[in-house]
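Residue numbers (my numbering), protein chains in the order written: chain A, 1 to 154; chain B, 155 to 814.
Incorrect hints may have been included.
Stated by the list, open to error - Calculated lysine-lysine pairs in the DSSO-like style (CA-CA distance at most 30 Å, straight line): (1) A:Lys100 x A:Lys140; (2) A:Lys49 x A:Lys97; (3) A:Lys6 x B:Lys421; (4) A:Lys6 x A:Lys49; (5) A:Lys82 x A:Lys100; (6) B:Lys666 x A:Lys89; (7) A:Lys89 x A:Lys6; (8) A:Lys49 x A:Lys89; (9) A:Lys100 x A:Lys138; (10) A:Lys140 x B:Lys577; (11) B:Lys463 x A:Lys6; (12) A:Lys97 x A:Lys140; (13) B:Lys568 x B:Lys421; (14) A:Lys138 x B:Lys463; (15) A:Lys49 x A:Lys140; (16) A:Lys138 x A:Lys49; (17) A:Lys138 x A:Lys82; (18) A:Lys140 x B:Lys569; (19) A:Lys6 x B:Lys666.
It should be emphasised that the hints constitute simulated quantities derived from the structure, not laboratory data.
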Amino acid sequence: MTPRQKRFAFVGLGLLVLGVATALVLNAFQSNLVFFFTPTQVANGEVPKGRSFRIGGMVEDGSLRREADGLTVRFVVTDTAKRVPVVYKGILPDLFKEGKGAVAQGQLDADGTFVASEVLAKHDENYMPPEAAEALAKAKAAGAQSSNTLIVQP
Amino acid sequence: MIPEIGHFALILALCVALVQGTLPIYGAAVGNSRLMALASPAARCQFFLVLTAFGCLAYAFASKDFSVLYVAATSNSQLPLHYRLAAIWGAHEGSLLLWTFILTIWMFAVTLFSSHLPEAMRSRILGVMGLVSVGFLLFMLSVSNPFERLIPAAVEGRDLNPLLQDPGMVLHPPMLYMGYVGFSVAFAFALAALLGGNLDAAWARWSRPWTTVAWCFLTIGIALGSGWAYYELGWGGWWFWDPVENASFMPWLAGTALVHSLAVTDKRGGFKVWTVLLAIMAFSLSLLGTFLVRSGVLTSVHAFATDPKRGLFILSFLAVVIGGSLLLYAWRAPRVGLGGGFAPVSREGFLLANNVLLVVATGAVLLGTLYPLFLDALDLGKISVGPPYFDSVFVPLITPALFLMGVGPLAQWKKAEIPDLAKRVRWAAGVSMLTALGLPIVLGEWTPLLSLGFLLACWIVVTAVVSVREQLAHVVGGGIGTRLARLPRAYWGMLLAHCGIAVFVVGVTMVKGFETEQDVRMGMGDVATVGGYTFRFDGVQNVRGPNYTAVRGTFHVSRDGRETALLYPEKRRYTAQNQVMTEAAIDSGVVRDLYVSLGEPLEDGAWSVRLYHKPFVNWIWGGCLIMALGGALAVSDRRYRPAWRREPQVVPANAQLAGR
């Protein structure tokens with residue numbers, strides 16, 4: 001091989017690896033990016049169907065129910081404007097508490113319940129997950145003029 | 155008073171660092187040896203000053219001086235002494251001090267082991283390290299001073315995050331930082347070569363051991379972090395592709411590429427420009443990692459908003475270091491030259507391919523880590539990039555690299571023949587294929603990933619055996635033992651590190667393929683079976699720790715009626731922050747871990763419980779340890795010893811190897 005051909009071979013190899021990597025990255029992004037939505041957005045039907053996403057907000061006080069198997073839990077995530085019922089089977093993280101922030105990842109089922117595959121709680125006593133904080137802030141900004149008594153216990 | 159001494163020592167250190175970062179480099183440029191001679195004493199002086207500062211902060215923690223804001227924020231009077239000391243690096247300010255301290259340790263080491271370097275080289279290296287140190291000291295003194303007073307003093311400290319109250323905390327951060335900061339030496343070597351415009355095989359030989367040592371520390375540091383997450387977080391995972399983990403993994407990938415590219419520069423004088431670029435990359439990623447983790451950017455980009463000065467400083471510092479070194483690179487790299495030529499199929503060619511793969515993998519991890527931050531910073535929505543992304547990108551990229559790991563050491567430098575290589579590895583290939591297809595069937599389950607894992611692991615080990623056999627053929631005389639001992643340590647180190655990867659791959663494959671996990675509700679005396687082991691729950695009792703109260707469960711684990719282990723997982727409540735922590739109980743073994751952690755209390759004394767059976771999980775960290783041992787063995791090779799300590803005679807095997 002002449003040096004010129006050799007150089008082309010190397011450049012070609014480099015481009016090939018880069019191309020494969022780009023394809024892999026794009027493909028993985030396509031199917032694995034998880035978007036975040038607030039309960040208000042969920043209520044407005046802005047969320048993707050049949051695809052995993054994250055919701056965040058406060059775990060509503062007094063909403064935590066445990067089913068007879070001891071492992072399935074139901075609770076409500078709210079941004080103070082809208083509420084989303086969540087069901088999760090498994091062990092909740094240590095920092096999960098009613099009245100505190102939480103983020104859940106999963107899908108919405110047909111009757112509007114969020115089936116969580118994973119529940120993430122905040123990191124320490126002073127710290128709110130940024131997603132949850134943002135959901136609350138957004139709802140606060142949007143709901144400032146409408147009403148202050150949106151949370152009505154069912 | 156003591157904290158003020160520490161603060162003052164830092165200010166003095168900054169002054170010394172400024173001198174160290176400017177005059178010797180200038181001296182080297184104009185050929186003034188009196189200015190160059192300043193470098194070593196300045197570096198040592200800086201080391202003692204930062205040591206003083208570090209000692210002062212340690213004293214403040216040991217004596218529970220809650221009039222120091224940082225001490226009050228990260229410790230508590232009930233916190234045991236060793237955790238109070240580990241709390242030095244428990245948050246942002248102290249971590250920076252640790253970082254700077256370790257930087258000065260490396261500087262000090264450079265002054266000790268650089269007597270064989272040309273004076274201009276040594277002063278440039280220390281000068282560049284001094285400049286890095288200037289950045290960190292300025293950062294500490296301007297916006298994150300660990301000695302800031304809290305007036306009036308707090309009566310009680312806020313305590314260290316309970317997650318961090320663990321032996322892992324004592325070891326993991328210093329190890330990791332030894333690795334991160336160790337790459338600053340390679341970086342300084344690279345910049346010194348760019349400044350001086352001469353980069354030869356001797357340069358590579360000098361910087362190789364430094365890079366390898368840093369790489370070993372980083373490997374151990376990451377493994378410790380991973381093991382810590384495994385038992386402390388209570389989830390039983392060993393790697394989450396969490397941004398914090400990625401931050402340490404990216405410098406490791408770049409560093410691994412650097413170690414290999416340096417080998418080519420050392421042995422063949424090739425890859426020069428590329429090696430320099432990798433050194434810059436590895437250190438830049440270390441800096442990025444430090445800041446990502448410790449500045450609060452990752453938990454939320456808006457942490458910048460709480461202290462915009464800090465964020466601004468970090469961004470400008472990164473811009474100066476990375477931008478500056480890349481500019482220097484663009485300006486001077488053409489003078490360094492490309493180095494010798496080689497055919498695409500040759501050891502250089504394989505190492506180049508391995509380098510490209512590692513760098514592209516680093517890029518993919520970087521993209522997945524930073525992309526959500528960018529979107530968030532630009533207010534384009536919140537997303538998260540989870541493990542599936544990294545798995546599906548990383549595995550295909552790294553698989554060919556692992557394959558090349560087998561062939562690379564067998565290929566000749568400069569030019570190799572594919573038919574010849576194929577002939578030499580046909581047994582290795584056969585054995586690997588058989589293992590890959592047979593082993594999963596023997597184990598009772600077949601999936602493509604299982605086969606792939608076994609194939610790669612087996613391939614690495616068997617080709618290593620082939621390589622040893624071929625090397626022995628070149629060594630004449632003596633029994634098998636003496637002939638083995640005649641092979642250079644650097645060679646054994648490489649093989650050992652590669653086998654470490656194989657052990658790691660086996661661990662990952664087995665855990666991914668055969669782990670069982672179960673979340674169950676268990677009442678007193680209830681029994682659950684996981685992975686062939688029977689767990690019996692014998693209720694809970696209350697226990698007290700030094701700064702927490704806990705509920706401790708008792709689990710009897712048996713297999714086929716024989717008792718295997720007694721496990722005591724705990725649910726702790728740390729009193730200072732009123733925070734609950736799950737403390738998993740693990741019965742560790744060579745071929746399996748049994749893992750129990752308590753969930754929440756249910757009615758009638760029952761608990762939700764998480765049970766895991768993790769086959770071969772310890773091989774993951776064992777593999778990392780073997781890799782690091784391999785690195786250490788390679789560094790101890792006689793060819794890296796300074797000339798005056800090296801024995802005069804050259805072992806024939808050494809010459810043989812160099813010719814391969």
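Contradicted hints - numbers only:
4, 7, 10, 11, 18, 19
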